[in-house]
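Colleague: Single-letter residue listing:
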Amino acid sequence: MNDGMRRTLGFARRVFRRKGALLSVLFLATVTFVAVFARWIVPYDPIGQDLISALEPPSARHWFGADELGRDIMSRVIYGARTSLLTAAGAVTIAALVGVPIGLVAGFFGGWRDAILMRIVDVLLSLPGILFAMALIAVLGRSQLAALVAVGITGIPSFARITRAQVLSLRKRDFVMAVEALGGSSTYNMFTTVLPNSWSPILVQVVILSSVAILLEAALAFLGVGIPPPTPSWGEMLRTGKSYLYEAPYYAVLPGIVLTLTILSLDTLGRTLALVLEDRHEVAEEEAEPDRSAA
Amino acid sequence: MTGYIIRRLFQLLPVLLISSVGIWAMIYAVPGTPVGAIVGENGTQEQIQAAIERLGLDQPVLVQFWSWFRGAILGDFGFSTQSRQPVLDIIVQRIPATVQLGTFAILIGLILGIPVAVISAVYPGSWIDRSLSGWSALALGVPTFWLGILLILLFSVHLNWLPSASGYVSFWENPLLAIRNTFLPALTLGVYVSGIFARFLRASLLSELKADYVRTARSKGLKERDVIGRHVLRNALLPFVTVVGLMAAAFIGGTVVTEAVFTYPGIGRLLIQAISTRDYPLIQGVILFILVVHVLINLLVDVLYAYIDPRIDYS
Numbered sequence: 001m002n003d004g005m006r007r008t009l010g011f012a013r014r015v016f017r018r019k020g021a022l023l024s025v026l027f028l029a030t031v032t033f034v035a036v037f038a039r040w041i042v043p044y045d046p047i048g049q050d051l052i053s054a055l056e057p058p059s060a061r062h063w064f065g066a067d068e069l070g071r072d073i074m075s076r077v078i079y080g081a082r083t084s085l086l087t088a089a090g091a092v093t094i095a096a097l098v099g100v101p102i103g104l105v106a107g108f109f110g111g112w113r114d115a116i117l118m119r120i121v122d123v124l125l126s127l128p129g130i131l132f133a134m135a136l137i138a139v140l141g142r143s144q145l146a147a148l149v150a151v152g153i154t155g156i157p158s159f160a161r162i163t164r165a166q167v168l169s170l171r172k173r174d175f176v177m178a179v180e181a182l183g184g185s186s187t188y189n190m191f192t193t194v195l196p197n198s199w200s201p202i203l204v205q206v207v208i209l210s211s212v213a214i215l216l217e218a219a220l221a222f223l224g225v226g227i228p229p230p231t232p233s234w235g236e237m238l239r240t241g242k243s244y245l246y247e248a249p250y251y252a253v254l255p256g257i258v259l260t261l262t263i264l265s266l267d268t269l270g271r272t273l274a275l276v277l278e279d280r281h282e283v284a285e286e287e288a289e290p291d292r293s294a295a
Numbered sequence: 001m002t003g004y005i006i007r008r009l010f011q012l013l014p015v016l017l018i019s020s021v022g023i024w025a026m027i028y029a030v031p032g033t034p035v036g037a038i039v040g041e042n043g044t045q046e047q048i049q050a051a052i053e054r055l056g057l058d059q060p061v062l063v064q065f066w067s068w069f070r071g072a073i074l075g076d077f078g079f080s081t082q083s084r085q086p087v088l089d090i091i092v093q094r095i096p097a098t099v100q101l102g103t104f105a106i107l108i109g110l111i112l113g114i115p116v117a118v119i120s121a122v123y124p125g126s127w128i129d130r131s132l133s134g135w136s137a138l139a140l141g142v143p144t145f146w147l148g149i150l151l152i153l154l155f156s157v158h159l160n161w162l163p164s165a166s167g168y169v170s171f172w173e174n175p176l177l178a179i180r181n182t183f184l185p186a187l188t189l190g191v192y193v194s195g196i197f198a199r200f201l202r203a204s205l206l207s208e209l210k211a212d213y214v215r216t217a218r219s220k221g222l223k224e225r226d227v228i229g230r231h232v233l234r235n236a237l238l239p240f241v242t243v244v245g246l247m248a249a250a251f252i253g254g255t256v257v258t259e260a261v262f263t264y265p266g267i268g269r270l271l272i273q274a275i276s277t278r279d280y281p282l283i284q285g286v287i288l289f290i291l292v293v294h295v296l297i298n299l300l301v302d303v304l305y306a307y308i309d310p311r312i313d314y315s
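Protein chains in written order, with my numbering: chain A, 1 to 295; chain B, 1 to 315.
Here chain A stands alone, though its shape is the one from the complex (with noise of 0.2 Å):
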């Protein structure tokens, strides 16, 4: 065994050594291997109606009943995780391709650079995410593209933040002074030597923004300008089943229970995550916090 894979599993660890990241971890998996398999797994045809099963309720049939147009809710559920999970994938990585590069040439270079970038992040967050996403779809159209982008846009100030905060606490230590004595570009300072010891803060972001950006994708859909039906998503189903709290009130809330745990075990390993590396001192003092104000 070498020394970088110690390295990892002492860390992993360190992190399953936490009941909380543990469990997290494993309900995070059912939900990765439901959604990557959901087409041998789903008991019905996510978006087959059967009208005369319309808002049944939950039984050895459909375990969590039917929808108003006789879906079966578990595979539409199953799917939806499909739809989230795809959605926050897509954002976070289009957020990190973006924020991350932005934080790393401010925090490296500073001076005007770090000023015109740092002032365009500034604006990205002079509007709540979520009023920032719903401007965007207003323009682009209401589709699965446009959500995507929508939210992986507002996770860009994160990334440049926390980026930003890595980099000038690394820039003035030895290695990377070192680098630049011996005549390294600035280039090939920044992506091998700044970037490769900032991957701790960038990871634990990456898990936070996630759990944003699936609760995004939700809000969004359940005010219903977020990806259009009849892709099965979370927060359409609980948007459809609001209608039905009478009738079905289970419509409304399995689906929702799925959607929490999935952001609440998102959220506890990155805290997990967070505290872990932080006592390795890997991670800059500033943690900023994920807006998630209007949802």
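Among the hints, erroneous ones may be present.
As the list claims (entries may be wrong) - Quick list of the computed label-pair ranges, beta carbon to beta carbon: (1) A:VAL36 to B:ALA165: 36 to 42 Å; (2) B:GLN49 to A:ILE52: 51 to 57 Å; (3) A:ARG17 to B:GLY75: 55 to 61 Å; (4) A:THR93 to B:GLN85: 38 to 44 Å; (5) B:ALA165 to A:THR93: 38 to 44 Å.
Said to hold, decoys possible - Which stretches of chain A does chain B cover? Using the computed rule of at least three CB atoms under 8 Å from a CB of chain B, they are: (6) 122-132; (7) 137-149; (8) 219-230; (9) 239-250; (10) 256-265.
In short, the hints are calculated from the structure, not lab data.
Backbone N, C-alpha and C define an ideal beta-carbon position, used for all residues, glycine too.
Based on these hints, arrange chain B on the given structure of chain A.
Modeller: Same frame as chain A, now just chain B:
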């Protein structure tokens, strides 16, 4: 102090300017023509002509932006494509409802959050601290729209105590009816902010408890209750004011989801309606309004903080 405020205002200018350019450009970015976006699908010939003049489409782009921007500064956002009313009037009508909901929500958040923070800071690491931290995590993690649905199920469907859809009744006209209508949405938001308040205040209390003056107070024989209530809490509440202010700023525009759950007629719901009817002048107006309020309250909170805490050096 005045210098500090002016300097902060100047720092805001680029942010406000760039954001306004973005909001202005929305009209040009939507599919179809900008004139169509401004008058809607069934505009009359006159309205189309007025829109062309208003946009100044034959003018250079900078002139087009300037005339829109000047109008916006003077409070002229144009007319709604749906109701044909001035956008500003529609927004102004919705302000009281949103402010009332936000105020109630913050009150509930304080009532729930402060005791949680104080108890868990007094017994850090105990089972009660751990379960109260669990409460904060839950309050922050449960999506407000789902919590709202659960509250409707309990209080409206099951117990039949409160209405499931909330209208706006002014507190000053009919306090009881106002509370009846605003309670559920305010509780939904209040639970959420109580999580933020509790977490922040707990951290702030814990750091104050380590201060020297606490040891002094204890060693001169003060009761623990007085140490906490008279000394620690007062100092810890100072930074806490900032958080409360920031949440107030967020609630001006950020109650979109909760307003949707309870069909509450506030600014957030206005925005959703505007988006679903593709009423672009209204969308622009609401977003610009929220943006300006958000930015200004943030500024106000900073200034207030510098004012109430003389230790802050704002030079």
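Colleague: Evaluate each hint against the coordinates.
Modeller: Consistency of the hints with the structure:
no.: 1; hint: A:VAL36 to B:ALA165: 36 to 42 Å; result: holds (40 Å)
no.: 2; hint: B:GLN49 to A:ILE52: 51 to 57 Å; result: holds (55 Å)
no.: 3; hint: A:ARG17 to B:GLY75: 55 to 61 Å; result: holds (59 Å)
no.: 4; hint: A:THR93 to B:GLN85: 38 to 44 Å; result: holds (43 Å)
no.: 5; hint: B:ALA165 to A:THR93: 38 to 44 Å; result: holds (39 Å)
no.: 6; hint: 122-132; result: holds (count 7)
no.: 7; hint: 137-149; result: holds (count 4)
no.: 8; hint: 219-230; result: holds (count 5)
no.: 9; hint: 239-250; result: holds (count 5)
no.: 10; hint: 256-265; result: holds (count 5)
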